[in-house]
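So the protein sequences, as listed, match chains A and B. Numbers 1 to 206, taken from full-length UniProt numbering, label the letters of the first sequence in order. Numbers 1 to 589, taken from full-length UniProt numbering, label the letters of the second sequence in order.
It is possible that some hints are incorrect.
Distance windows between CB atoms, simulated [as the list claims (entries may be wrong)]:
no. : chain 1 : residue 1 : chain 2 : residue 2 : range
1   : B       : Q412      : A       : K121      : 44 to 50 Å
2   : A       : D110      : B       : N200      : 54 to 60 Å
3   : B       : R223      : A       : K184      : 33 to 39 Å
4   : B       : E215      : A       : E150      : 36 to 42 Å
5   : B       : E215      : A       : W168      : 23 to 29 Å
6   : A       : K121      : B       : N413      : 39 to 45 Å
7   : A       : I180      : B       : R223      : 53 to 59 Å
Simulated from the structure, these hints should not be mistaken for laboratory data. Just so it is clear, CB atoms sit at the ideal spot from N, CA and C, and this is done for glycine as well.
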Amino acid sequence: METLIYVNDLNMKATELRLGLPGTDNESFDAPQSSSSSSCVKNNKRSSSEMNAASLSQQQQQQSDAPAQKAQVVGWPPVRSYRKNHVLINHQKKSSSESDQGLFVKVSMDGAPYLRKIDLKFYNNYFDLLKGLKEMFMNKCNIGVYSEREGYNGSEFVPTYEDKDGDWMLVGDVPWDMFINSCKRLRIMKGSEAKGLELGGTSLQL
Amino acid sequence: MDPDPNKPEELPSNSANNSHGSTHPPSPFPDEVIEKVLSYINSHKDRSSFSLVRKDWYNAERWSRSRLFIGNCYSVTPEIVARRFPRIKSVTLKGKPRFSDFNMLDWGANVHSWLVMFAKVYPFLEELRLKRMTVSDESLELLAKSFPSFKALSLSSCDGFSDSGLKAVASHCRNLTELDIQDSISEDISGTWLSSFPENFATLEVLNFASLNSEISFDALERLVSRCKSLRVLKVNESITLDQLQRLLVLAPQLVELGTGSFLQELTPRQYEDIESAFSNCTSLRVLSGLWEATSLYLPLLYGACFGLTFLNLSDVALQSGEFAKLPVHCPNLRRLWVIDTVEDKGLEAIGSSCPLLEELRVFPANPYELDPRLGVTERGFLAVSQGCRKLRYVLYFCRRMTNAAVITIVQNCPNFTHFRLCIMNPHQPDHLTNEPMDEAFGAVVKTCHKLQRLSVSGLLTDLTFEYIGKYAKNLETLSVAFAGSSDWGMQCVLDGSPKLRKLEIRDCPFGNTALLFGHGKYEMMRSLWMSACNVTIKGCTILAKEMPRLNVEVIKDEDSDDNQADKVYVYRTVAGPRQDAPPFVLTL
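Please put together the full structure from these sequences, using the hints given.
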């Protein structure tokens, strides 16, 4: 019966802080990378246990933004691939959208020769935003009072914005937080152009 | 020791051609009494014990058993099962070992041969529950057409099927009450299966398609939900939007379990109110999951339904600690909670303060490869939960640092753990304060928690941990070990102690042939042993296979490994002999 010939060495190696497979030599540091290619990783093949060997899918290698990460071990930690891929992507989606740099958007006003840029995070609510806009355009834009039913009916200028879907929306309809997360740019329209669009207006499309 | 329910040859008075009465004493009870007693015995383990007493009890039991449980599909064959049990209505079958590498295509555990037999022998089959098995479209079609009384199909962590298989089930199973697909990922699912339920079909009580990725026809879903008045479990996938969800809730306010779709959508104030009130009207809601992409802006929509919740599954949405911390106070009746570690210790502290009835906590890592120990949860969060939730008995905790002292305190606070699964994500990591191995932590767990059934260990561990386990963990049934131990002695301690051990899974540990062979008598009393990336060789496995003919010893070799190295070893007891469907890379010794 074959017995282990390096039991003593093993004790040292087992307690050594490394990610290599116990009982193998240094080449095992590279093993995770090579085993990921040799194990024919298929991202969408079901790993029906928590010990997933598809831990080094291409997707994750691209998204991994920690250059100092150690060599990853195949199938460790034991998290189901279904859970791993999905949550990791969403987590990164979220954190990239909550960056610390301001939320700068372009503002155009009909008739003005050039555009401006404002930081939406600088304002706390619609009131402050509209006040800021008025000041910025040296009070040349007369934006009236907002009402849910009639929009800015009767004002000389109407603030609109382009949302994530590319639609032009009336500023003020949705809660503030939702607005700053979806606003891509602002346009202060001439009231005469906007006439007729405010009736029953929530989503306006040009 | 649990007798294998499918081993007829263990019967003590087994002389197959024995005529009644000649060598047996008469039965102490008349048949009617035995049948009556049997009608109260539902656990398959109890029934198996019952069947071992006498031959006539064995026969009474096998004729009256209607629920079949097979924990390892290769431990027995469909033929043997069909011969012994003539009247089965419900089958539970489990396939692949949990710890195995699933990049292998077609390892096995295909349900088809079982279904072929069931179609022949159990025409009145009503329920089929499969875990970690491969289920092809052909199998689903066979199922749909063979069992006119079929009611419940549950596929947990399965694969191999697509749209056409599900379509067959939807169109042909007229009495279907349950279609439950959990954590099963399928390719080529186009989502048209849902539209295949006939227009007059209305018996569904459970519908779960949360893990299937495709778009489905919302129209078809809406009509289905409005027809099925007994629907109590509905778990939709991410393609369903918030306002669509609102319409479903209005149709089914009686739901007990709800899995939402995407929880991120621009809403008008009116829509927001409508959704809020739809949730408040679901007064029977006890279980909630899904909530993909939910943020603090949308969580308040749930508050009206939170009071009665007993299980909240937030493992699909990475909430930040600030967003999450306001939620627990609305859920005072929570028994089970699953979260992602982005809630951090602060989020766990909120749980400790607000959920005194909590029995189960699972914390999953948002990014399993992240190394920064300041991210995620630490020993502080676990401690906080143990202080506030004294009824805790199930924990799965992924973290990047832990201390012995914390674990010792945790189990003192909560001595009733039945499942303790601690995963310190960096292999071989010691106690982060003292730099010592984590032996004392797990020692405390096994010494204090007498009811412990399942244990997963991690961190820097010597053989001492396994000495503790072997000595104290008398009720342990499942043990998972990775990157631990110092020598064969560790594994031997476990094999020698732990009388109730059923499943042992080991990876990347310094255990070799001596340890493997030490347990040869034990493995027949267990369901299975898994060892990968250890020091076991093919020679050692061959010896085991020779000594123990009633075990299947399967070896899977990695591509560039040494000839004699047994990279992955799967050992399990069986009455079926070596399996016929093993793919070429699996060697059965």
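If any of the earlier hints don't hold here, list their numbers in rising order.
7
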